[in-house]
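> For reference, the chains in residue letters:
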Amino acid sequence: MSAFTEDMLKSMAKVEATRAQRLHATIERFTAEEKDALLKEFHPDYSAKGFKVLEVGPNKGQKVPTELAALLEGKSRLEGVKLDLERIDYDVDVLVIGGGGAGASAALEAQRGGASVLVVTKLRMGDANTMMAEGGIQAADKANDSPATHYLDAFGGGHYKNIPELLEELVTKGPLAIDWLSKLGVMFDKEEDGTMVTTHGGGTSRKRMHACADYTGAEIMRVLRDEVVNRGIPVLEFAPAIELLLDEEGKCAGAVLLDYDSNEYKVVRAKTVIMATGGAGRLHYQGFPTSNHYGATADGLVMAYRAGAPLIYADAIQYHPTGVAYPAQIYGALVTEKVRSIGAQLVNAEGEIFMHPLETRDVAAASIIRECTVRGKGVKALDGVALWLDTPLIEMLHGEGTIAKRIPGMLRMYAKFGIDLRKEPILIYPTLHYQNGGILIDKNAETKIPGLFVAGEAVGGIHGTNRLMGNSLLDIIVFGRIAGTKAAEAAKATRLGKLSLEHVKAYAAEEKEAGVSGELSPKLLPVYTHGRDAR
Amino acid sequence: MEEMVTVYLLGKKYSVPATLTIMDAMEYAGFKLIRGCGCRSGFCGACAVIYRIKGTTELKVVLSCQTKVEEGMCVGKIDSFPINKRTFNIDEIKASDNIVGQLYPEIFSCIGCNACTKGCPQGLNVMQYIAYAQRGEYEKAAHASFDCVGCNICASRCPAQISHSAVGLLCRRLTGKYIAPKCEHLEKRVAEIENGDYVTLLEKLKKMPLEEIKELYNKREIEK
Chain W
1 MSAFTEDMLK SMAKVEATRA QRLHATIERF TAEEKDALLK EFHPDYSAKG FKVLEVGPNK
61 GQKVPTELAA LLEGKSRLEG VKLDLERIDY DVDVLVIGGG GAGASAALEA QRGGASVLVV
121 TKLRMGDANT MMAEGGIQAA DKANDSPATH YLDAFGGGHY KNIPELLEEL VTKGPLAIDW
181 LSKLGVMFDK EEDGTMVTTH GGGTSRKRMH ACADYTGAEI MRVLRDEVVN RGIPVLEFAP
241 AIELLLDEEG KCAGAVLLDY DSNEYKVVRA KTVIMATGGA GRLHYQGFPT SNHYGATADG
301 LVMAYRAGAP LIYADAIQYH PTGVAYPAQI YGALVTEKVR SIGAQLVNAE GEIFMHPLET
361 RDVAAASIIR ECTVRGKGVK ALDGVALWLD TPLIEMLHGE GTIAKRIPGM LRMYAKFGID
421 LRKEPILIYP TLHYQNGGIL IDKNAETKIP GLFVAGEAVG GIHGTNRLMG NSLLDIIVFG
481 RIAGTKAAEA AKATRLGKLS LEHVKAYAAE EKEAGVSGEL SPKLLPVYTH GRDAR
Chain Y
1 MEEMVTVYLL GKKYSVPATL TIMDAMEYAG FKLIRGCGCR SGFCGACAVI YRIKGTTELK
61 VVLSCQTKVE EGMCVGKIDS FPINKRTFNI DEIKASDNIV GQLYPEIFSC IGCNACTKGC
121 PQGLNVMQYI AYAQRGEYEK AAHASFDCVG CNICASRCPA QISHSAVGLL CRRLTGKYIA
181 PKCEHLEKRV AEIENGDYVT LLEKLKKMPL EEIKELYNKR EIEK
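Keeping their order, the protein sequence lines are chains W and Y.
Residue 114 in the numbering used here sits at position 114 of the first sequence, with consecutive numbering throughout.
Residue 42 in the numbering used here sits at position 42 of the second sequence, with consecutive numbering throughout.
Worth flagging that the hints you see were computed from the coordinates, not collected in a lab.
Note that beta-carbon positions come from the ideal geometry of N, C-alpha and C, so glycine has one too.
There may be inaccurate statements among the hints.
Unchecked claim - Distance condition first, Cα-Cα at most 30 Å in a straight line; then the derived BS3-like pairs of lysine-lysine:
no.	chain 1	residue 1	chain 2	residue 2
1	W	K448	Y	K204
2	W	K416	Y	K207
3	W	K82	Y	K32
4	W	K423	Y	K182
5	W	K416	Y	K68
6	Y	K219	W	K161
7	W	K35	W	K448
8	Y	K140	W	K190
9	W	K416	Y	K60
10	Y	K32	W	K75
11	W	K207	Y	K214
12	W	K405	Y	K188
13	W	K142	Y	K140
14	W	K448	Y	K207
15	Y	K219	W	K40
16	Y	K68	W	K380
17	Y	K118	W	K416
18	Y	K204	W	K423
19	Y	K68	W	K207
20	W	K63	Y	K214
21	W	K416	Y	K140
22	W	K190	Y	K182
23	Y	K204	W	K207
24	W	K60	W	K405
25	Y	K32	Y	K54
26	W	K40	Y	K207
27	W	K35	Y	K207
28	Y	K77	W	K416
29	W	K443	Y	K214
To be verified - Simulated coverage check for chain Y against chain W, where a stretch passes if three residues somewhere in it have a Cβ under 8 Å from a Cβ of chain W:
no.	region
30	43-49
31	62-72
32	82-89
33	130-137
34	144-158
35	181-187
Throw the hints in and build the complete structure from the sequences for me.
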């Protein structure tokens with residue numbers, strides 16, 4: 001029995017009928033004007049609904065997603081809690097908040113810089129979006145490429161909004177990041193002579209996507225985590241930070257943790273703090289499903305904002321064009337862009353190509369939404385409509401066995417639910433994938449708050465308002481390492497004063513004055529009931 | 001009417017929609033997951049569970065986010081399984097001299113029962129990669145273990161008390177660092193960057209007027 005419905009199979013027959021003629025078709029890319037028009041009309045970021053103008057804090061007057069606003073303008077988990085800040089549970093040079101790729105890279109470099117380091121994380125070390133990044137990591141290390149070409153691709157893809165000095169760090173230190181990871185033992189896909197196997201991603205002008213099959217992020221994360229253990233860096237799991245601590249002079253001085261097992265608060269004093277808490281997909285902006293990790297709830301943005309650190313481009317959200325639209329069990333999960341990099345086309349219900357498969361993510365998502373809405377060319381799937389990603393093309397182009405070798409994770413994920421993507425196309429629709437914006441940093445990864453550094457998805461500005469595929473795995477390594485190095489250096493020169501939570505009180509007073517009252521925040525974890533409440 | 005199945009989650013009986021995964025069924029039942037839930041996409045190994053269908057003998061171990069509920073499932077959780085990872089200095093060890101066997105001598109106690117392979121939710125041939133590690137064929141062990149998500153179900157079932165995921169990871173790190181061929185174009189580019197070769201070009205781009213850089217972007221040549 002097929003895993004697809006009858007209607008789906010009818011449409012699939014049309015996809016199969018046009019496959020041979022599409023195989024070598026030349027597909028035009030959208031012009032700059034077409035892209036602008038598509039985005040304005042169909043990208044969720046341009047929807048008037050779904051955003052709120054902030055009434056308090058450093059970004060007062062700017063719009064952010066409604067769900068994020070409810071947390072930024074929310075109530076501290078420490079409100080009304082009597083906490084003795086003189087009773088210090090952990091005293092270190094550098095505190096790293098978050099155990100993903102950025103946090104692990106930062107911890108390794110901070111320790112190398114001579115600092116005593118503590119990593120605290122909400123779930124387990126390595127439970128992060130890094131682990132789920134499938135497709136690849138960009139770096140301009142081939143002869144026909146250069147950091148300048150990489151800069152141009154990312155700058156155009158980011159709508160010319162990237163902060164130039166941050167983007168320069170990203171592209172220049174890219175090859176160094178690949179080298180660092182290789183020397184730690186990350187297994188990149190290589191030819192027999194050592195040449196990196198690289199492909200295009202959406203919006204790249206050179207094939208600079210390095211990969212470890214479609215386990216790229218997982219491979220990087222498990223090596224970094226192993227190295228953190230080898231170096232004896234202490235890690236405190238299931239202990240999310242819930243507020244930053246400042247000292248009397250306003251320097252960042254540590255954090256208060258919530259120990260999930262004992263339900264007790266723990267005080268960490270640290271000369272410098274690195275915020276590496278990742279993204280926000282689990283806030284489900286505008287009701288979208290997400291490809292993100294369970295813990296992606298923007299905690300770092302909330303804590304840093306409350307302490308006075310400005311955000312940038314917090315209204316720019318990345319919807320990955322190809323999230324799973326069917327079957328229900330993996331709804332919203334990521335279908336890596338690499339599937340398109342190696343030849344799969346986006347096809348509508350009639351079996352027609354409607355776009356080049358490797359447009360930038362925002363343009364691709366908008367184009368898919370247009371096809372499914374005003375053009376009415378979608379396939380009914382679960383509660384919505386979806387389009388086909390024609391995966392059997394891959395092996396017609398590159399030969400049998402290509403899928404098992406290059407995208408084994410995808411093959412396995414679908415096989416578990418009775419779909420063989422070597423033989424059948426799959427149904428996709430955009431899924432909430434990435435927070436393009438975040439906390440503003442300088443090229444040393446430091447915020448406006450002295451002693452507070454940020455790395456990874458919690459950072460804003462590197463990618464402008466649209467990140468290219470493969471630049472996120474790159475930024476967690478590049479800026480993770482910068483943050484670790486600089487935080488360790490800064491810690492040496494830091495003398496802390498008395499620990500304080502006065503900023504949290506002051507922020508609450510500002511909220512009261514403005515008459516806003518959001519949710520308890522940071523959110524820490526989403527709540528799912530899968531329709532239980534509706535019964 | 002939605003089809004429902006009866007399941008026993010940590011020993012308690014629930015009726016849940018038949019379309020849910022085991023993880024979703026737990027949430028449907030009202031569990032607030034902190035442990036045993038990670039990426040929810042089958043990549044992180046946080047959510048291993050063990051189950052048998054009520055009244056049957058056979059035990060199965062799966063990732064709860066990647067497995068649909070079935071009628072009569074009795075589900076227990078493996079939130080954390082203690083493995084014995086050895087620490088090493090990656091810069092000082094070599095991919096020779098039986099290094100994996102030295103760090104993990106218990107791999108030679110494998111009795112060939114194949115329980116590890118049978119238990120792998122990723123369908124890896126775990127016993128085979130341990131055999132490769134025994135023989136010093138680290139590159140083969142690396143590739144055979146590559147899709148490991150570190151759920152450690154294999155270790156939970158091993159009578160020889162092997163920490164398979166740690167053995168696989170060591171083999172992969174040895175392969176990535178020492179056995180895989182060196183990448184010349186990477187070494188060349190790193191040297192150029194360290195020499196400051198791209199500084200001027202990037203300075204120019206950083207200062208370029210918006211209209212000019214837009215023109216450059218829109219007309220850039222795209223590699224076929």
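> Hints first: check each against the structure and report whether it holds.
Going through the hints against the structure:
1. W:K448 with Y:K204: Distance of about 27 Å is within 30 Å: holds.
2. W:K416 with Y:K207: Cα-Cα ~51 Å, so violated.
3. W:K82 with Y:K32: holds, 27 Å
4. W:K423 with Y:K182: violated, 36 Å
5. W:K416 with Y:K68: Cα-Cα ~9 Å, so holds.
6. Y:K219 with W:K161: It holds: about 19 Å lies between the C-alpha atoms, which stays within 30 Å.
7. W:K35 with W:K448: Roughly 35 Å between the alpha carbons, so the hint for W:K35 and W:K448 is violated.
8. Y:K140 with W:K190: holds, 15 Å
9. W:K416 with Y:K60: Between W:K416 and Y:K60 the Cα gap is close to 15 Å, so the pair holds against 30 Å.
10. Y:K32 with W:K75: Holds: Y:K32 and W:K75 sit about 22 Å apart, inside 30 Å.
11. W:K207 with Y:K214: Roughly 21 Å between the alpha carbons, so the hint for W:K207 and Y:K214 holds.
12. W:K405 with Y:K188: holds, 28 Å
13. W:K142 with Y:K140: holds, 28 Å
14. W:K448 with Y:K207: At roughly 24 Å apart (the allowed maximum being 30 Å), Y:K207 and W:K448 satisfy the hint.
15. Y:K219 with W:K40: Given that 30 Å is the threshold and the Cα spacing comes to 23 Å, the pair holds.
16. Y:K68 with W:K380: Answer holds: Y:K68 to W:K380 is near 22 Å, not above 30 Å.
17. Y:K118 with W:K416: holds, 16 Å
18. Y:K204 with W:K423: violated, 49 Å
19. Y:K68 with W:K207: violated, 39 Å
20. W:K63 with Y:K214: holds, 27 Å
21. W:K416 with Y:K140: The given pair, whose Cα atoms are some 26 Å apart, holds under the 30 Å limit.
22. W:K190 with Y:K182: holds, 9 Å
23. Y:K204 with W:K207: Distance of about 23 Å is within 30 Å: holds.
24. W:K60 with W:K405: violated, 50 Å
25. Y:K32 with Y:K54: The given pair, whose Cα atoms are some 25 Å apart, holds under the 30 Å limit.
26. W:K40 with Y:K207: holds, 28 Å
27. W:K35 with Y:K207: Holds, at roughly 25 Å.
28. Y:K77 with W:K416: Between Y:K77 and W:K416 the Cα gap is close to 20 Å, so the pair holds against 30 Å.
29. W:K443 with Y:K214: holds, 24 Å
30. 43-49: Since 3 is at least three, the answer is holds.
31. 62-72: holds (count 3)
32. 82-89: holds (count 4)
33. 130-137: violated (count 0)
34. 144-158: holds (count 4)
35. 181-187: The restraint on the region 181-187 of chain Y holds, since 7 of its residues have a Cβ under 8 Å from chain W and three suffice.
When the structure is compared with the earlier hints, violations turn up for hints 2, 4, 7, 18, 19, 24, 33 and for no others.
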